[in-house]
Amino acid sequence: VCTSRFWFNYRHVANTLSVYRSVKRLGIPDSHIVLMLADDMACNPRNPKPATVFSHKNMELNVYGDDVEVDYRSYEVTVENFLRVLTGRIPPSTPRSKRLLSDDRSNILIYMTGHGGNGFLKFQDSEEITNVELADAFEQMWQKRRYNELLFIIDTCQGASMYERFYSPNIMALASSQVGEDSLSHQPDLAIGVHLMDRYTFYVLEFLEEIHPASQTNMNDLFQVCPKSLCVSTPGHRTDLFRRDPEKVLITDFFGSVRKVEITTETLSLERDVAAFESKFPEEELATEPLKYAEQLPVAQIIHQKPKQKDWHPPGGFILGLWALIIMVFFKTYGIKHMKHVF
Amino acid sequence: GRADAGRERRDAFREELLLSPLPTGDVAATFQFRTRWDADLQRGAVSHYRLFPKALGRLVAALGVRELHLALTQGFWRTRYWGQPPLQAPAGAELWVWFQPAVTDVDKAWKELSNILSGIFCASLNFIDSTNTVIPTASFKPLGLANGTDHHLLRYAVLPREVVCTENLTPWKKLLPCGSKAGLAVLLKAERLFHSSYHSQAVHIRPVCRDASCLAVSWELRQTLTVVFDFFSSGQGKKDWSLFKMFSRTLTDTCPLASQSKVYVDISPKNKEKELLEVSPPPTSLHEAVVQGDKKTYAVYDLLSPSLFNTSRSLNVQLKWKRPQDSSEMPIPTLHAQRYVGGYGLQTGEICTLIYNTHPYRAFPVILLETVPWYLRLYVHTLTIITKGKENKPSYIHYQPAQDRRRPHLLEMLIQLPANSVTKITIQFERALLKWTEYPPDPNHGFYVGSSVLSALVPSVIAMKDMDVEQSPLFTSLFPSSDGSSYFVRLYTEPLLVNLPTPDFSMPYNVICLTCTVVAVCYGSFYNLLTRTFHVEEPSRGGLAKRLANVIRKFRGVPPL
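Chains as they are written, first to last, in my numbering: chain A, 9 to 351; chain B, 30 to 590.
In isolation and in its complexed conformation, chain B is listed as follows (with noise of 0.2 Å):
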């Protein structure tokens, strides 16, 4: 009966850690948390947490939530050098949401949210208000289920200085069911992440097929975790790496509130030849997929198989080079774009954004999402995109304009990239001159513009088969893909970093120190001269003193007083 399915596990926590080498010799590990509910979150009063945080399943259910995703990056990924990310994300916060179609007043929920999620993460995202959120029209399509796709449901805010340091990794570590204690979690040691050249934590919720037949609906909650640790600093120059190496712990016990808990290295055959990459202990088993359009080979590590800890008690991976690798040419993401801002002093200057399709004969189109802050003033009529020379023109483009001190600039444009390409888009922009109170206590270090965002279906090398997706690792299944000759990718550029005019803040004080100098010793000594009268003083016998002093001053031989 009823008794019998409620006592049935409704939720599954799964955990996986990816290590993948990078061309540069860097490490990349990423980290993924999936906790999956079948309850409906939005119906009903569910009062009883297991494994999904009460927190989140609270803020999803109170304010309408249908997809929340909210990532905090230190750093860039550098995509030119090392491949196409899993997953990437801007540097800084970023934080999109779809919200119900019940919900009436969209903004006030978006306003309430930002605030409870600065509490619980302890970043300030509090500050994401009109002036830094906006509503994409064609980019950020909901991840999870969706019966339609109202644009006016969705907002996108960046917040590009915000710092990622300790205080936002414990309380996403409180989030997972195990904490930090058990499980893949115990290597997240943050004197070691923070140690790295790219740090990026997100937290990604959404509905979800519960089953194959999709009659039902459960939620998912991913957390993941992206570092990068960089060949000079943490490697010490050498290209080998362990798990102690990397975050200084090994890996002992297994979460046991976990139903799946993996450990996966990359160790596919770079220039299709026989392999360089060594990894020990031997692992459970090899696991063959299609992962962003290229044939990939994954050692597995189970951790829940009772083989694994027989020898040893702790699981210390290794990744070893067989062979001295040559520096060999390194391979070229199919799309990598990169961006910077042109021109000189502090009126004008220019956006410059450079995408590359390296794809020798397949165009795909791509489209770039801007967001740029009120003061910057853009100009639409000198936006020029030009390919191999020639101009191009958008498919669809979107401007809103800004308002001062109200909405940012948004540009939304589908670019066809023709194979083998190099597409230049630039747009000039003047530095508006803020009030005086609308700086912050650091003005000189400059005014941040949010990465620009390309969300792009790349055509794959190698057809994709249309697998399970639940079973397959990690990322594959975040981006849902309808057919398998492309795979969805959103990559994003640099952030920009553009100095205002900047006034000089001690200046009232020095103006009024000099003005009122100038003013009293001008106007005073005017005043004196018109208003002083002289009169003559009768000279005083004196007192006593003085007679004694005048004695004195007699012997003294100094004239009397």
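The shape of chain A in the complex, shown without the other chains (with noise of 0.2 Å):
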């Protein structure tokens, strides 16, 4: 999630999109990735190269990439909908790709980076979410059963406040400052005239290329990178929820996926199956006339297009009040006893 907007907040949604590209990588597919950027930095008319993000400066890499599938765009990535994707309380039509279909056997890892504070992320300069929200949507998670374990890292200033009120059972949660710290950016780039990365997310991207879908690297690791010489800040961690070691968690348990393969060796022959299937077509019925296409600019019918049928409404206050008048004053002025003539 990157919840920063504008164009000198380049390095949020690049912190973003290179944490998304390394979770690609190591195997999971976008249909299990639901990835909100508050601003459009690639497509940006300010992007002197127009749809790539850089991480690194002299533009080594591109993490945008040809194959981004972008969940929640600009005016989409709010509290709200942060917190009713992780809870799960969507509106009925929202589409698969925007839904976190996870159940009670899940990992799942959080990423989010911003602009934050003591006990506060800010959400696209206009609203905010605070430590207690999150901590209670985990625990709604926790109750309806959403996740196995939950991996929460935030990269932003004083990061470790938002880490300080979970209460939910096998949660662990990195950040990339303690309270009272700045997270501070990398490098800028000259070319593309911001900075291109923050510390924490640049040395865990160049620990992440390391690892493959089949490392053994744990948790502890993943602890150890950005120390204060590099970082400036001093990363946090937070493991006294999470039920097993941290030693014995494997990186790619949030990280990378793995999909169960069975090889067989039977033969299945298809053809007859399709041949059977295509010949069940229903026999169509065809038009007895030539069907036509419709007039583009039909002008005659347009000019003389009925005008539509005017409801009936049932007449004002001030319209019967005046003929009320009007009748009031006509009996008063010619005598009561017309009245029943009237009626």
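Heads up, some of the hints might be wrong.
[Said to hold, decoys possible] Taking lysine-lysine pairs in the DSS-like style, the calculated list, with each CA pair at most 27 Å apart, reads: (1) B/218 / B/83; (2) B/324 / B/351; (3) A/57 / B/218; (4) B/267 / A/57; (5) B/218 / B/268; (6) A/32 / B/83; (7) A/57 / B/274.
[To be verified] Taking CB as the label site, the calculated pair distances span: (8) B/360 / A/57: 30 to 40 Å; (9) B/79 / A/153: 37 to 47 Å; (10) A/220 / B/342: 32 to 42 Å.
Derived from the structure by calculation, the hints contain no laboratory data.
C-beta: ideal position from N, C-alpha, C; glycine also.
Taking the hints as your guide, dock the two standalone chains into a single complex.
Below, the structure is given as structure tokens:
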């Protein structure tokens, strides 16, 4: 989730896209990823190289790529939509790619980046999510059995405050800085003109580039990424709610996905089934007379279009009052005995 | 028997690419991918999809859609300098749909449709609701087979703020039978396509005649992509173009599922002189057609003909100018328009539309459709249409006023444009103040007003013969024309960006701080003054620490505690 808008927050989009890229590379398909980007940097008019988002200066690595699917774009990234995705309380017409279809055997990785403070994260410069709301959302997810284990990574200023309030089991959290510290950005690119990445995510990306789907690296190595000498801020982590020992938790448990493949040596013949299926096409009725295309600009027909029937409205209060006044004045002048002739 | 008929191919896929150099030195590349399926999607349980994408087929069947047109565009087609567009779309996202007469609740189907499409194309089409949907009464007649045009089955919406980027191109490419791996679609690389002046991708689904007798219905899915490469940024200031220069790729093989795969290059002479434009390698054939009322010559490369890849394994079509083209007059299109906002300040304004008819002696009518959001309150009594200094009364006018937060303004007019004239349409509006929760996160960017739509039957310079519609290249087959003396064109004007009076959103915080400080200082002091009581305090003898401190203070010479 990237929560920042505007061109100078390019680095937050680059952060999110680099984690997205690593996760896709390690095997998680797009149907299992919900990507929320609060602003469009790649096709931003200020981007000198359209359709690209770089993470390293001198434009070495384009993290936007050619095969990206953004589920929530620009104005759709709001606190309400984010919490609805997490808890699953989504309007019924939401398409599948925008839902988190997890159950109690799913491991979920949540990565958030943006501008934050002590206890809150700012969404799009207009609203905030607090650590209490986030903790409650995770508790709802736990009650509804929407996750087995959850890894929460946050790269903002004072990020550790966001995981202070968690109380649901099986959550592990990492943050790029402690309370009272700012997370700093890594390096600007002079051609693009903005800072490209944040330090913590830059070193996490370098760490993840060395992981492949069969690596045995565990969480303790992830905790060592970006010490204070490189990051200037002190990354923190929280494992007390997690049931397993972090040393036994593999990185690929959250960042990669394993699909069970069964190899079989039987052969199935499909020829017969397809032919039988296609012969089941219903007989089509042909029209009796040729169908026509509509005329694109039938001037005569348009000019003579019947005006819409005006709906009958009962007379308004003013009209009624006016008529009541007129009738009263009439009967006052000419006498009440005329009334019985009217009725 | 039936089994044999089932084995016939019931669907066909054709792809075309048209390269046309524009008068300003830019080049426009238009891709068109047509998938035609001889099945009736509406009736019967169709569940075996081959070339027709399943996502769209099920959408059409489930929601009772008769026609669907969705376009995502970045940039603006400059009709004045580039000529009539083959198929134009307004900036942002545009969706218009005709539903089947059997659909009872059209609004509900419309909402579901926009949500499903937003998931398929990764676009924020779920923002389409009643505040930006209109029901046009004269524009947007169905482009496919139709046996009645009840306008209550039509919905039209445009989202001018929508951004188009790689995430919209990726699912669009996935709808193609060969994806982006073979055929013409290998040229669709996002990095080159979005570095352009105009990029428009569209999806059109409509029912068409299956054959000349037109007794049965086939469904056609047409995916079009138009991109204009800029002379200065992509062309590096040189007018010579090639496929490699434009797309950084060349064509290597054809899509095995395509029954037709052609590249057309527009080599029509501009000023009735001999050809200036040279194409290499030599084309497989030349094709002449009357497109948009003008005779055009195309050099055709048929990718399925075996002779094309004989000499080299890849095809890189190159366009070179034989002699330097003098900066002669650029041909002016017969119909073009522009629109702008006039006025000053943040209270009132004026929308002005200028429509130009440059035909020397023929007049023709044009339908103008304007959709204005509810927060720009139009004053219809200020609507003026002036042509050549005199007032021009429209033959048909349909105005539906807006309802705050529920419906936008809709203004449709049928205006006769006299020959060689400029028509100016002005209407004044007042800007509304929105509630503070209704502002987007970046309100100082401004608010967009969607493009207005001009539909016209423009008289052709050359009469078009009634030819087989299916065999003609490209877009002449999208707009069915009744006679050859005029052709139908749909133009869009610029979208407008207006600023609404925007409050200062940091104001509540500042006011609270200031007020609380003032209250604390004034009221607090007053309260203290009234309620503080003074008592006399016995001086305590002091503990040990105090006596020690007093001793030290005596040494220092400081008065004791």
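Verification of the hints:
| no. | hint | in the structure |
| --- | --- | --- |
| 1 | B/218 / B/83 | holds (24 Å) |
| 2 | B/324 / B/351 | holds (21 Å) |
| 3 | A/57 / B/218 | holds (13 Å) |
| 4 | B/267 / A/57 | holds (20 Å) |
| 5 | B/218 / B/268 | holds (22 Å) |
| 6 | A/32 / B/83 | holds (25 Å) |
| 7 | A/57 / B/274 | holds (16 Å) |
| 8 | B/360 / A/57: 30 to 40 Å | holds (34 Å) |
| 9 | B/79 / A/153: 37 to 47 Å | holds (40 Å) |
| 10 | A/220 / B/342: 32 to 42 Å | holds (35 Å) |
Violated hints for the displayed structure: none, as all numbered hints are satisfied.
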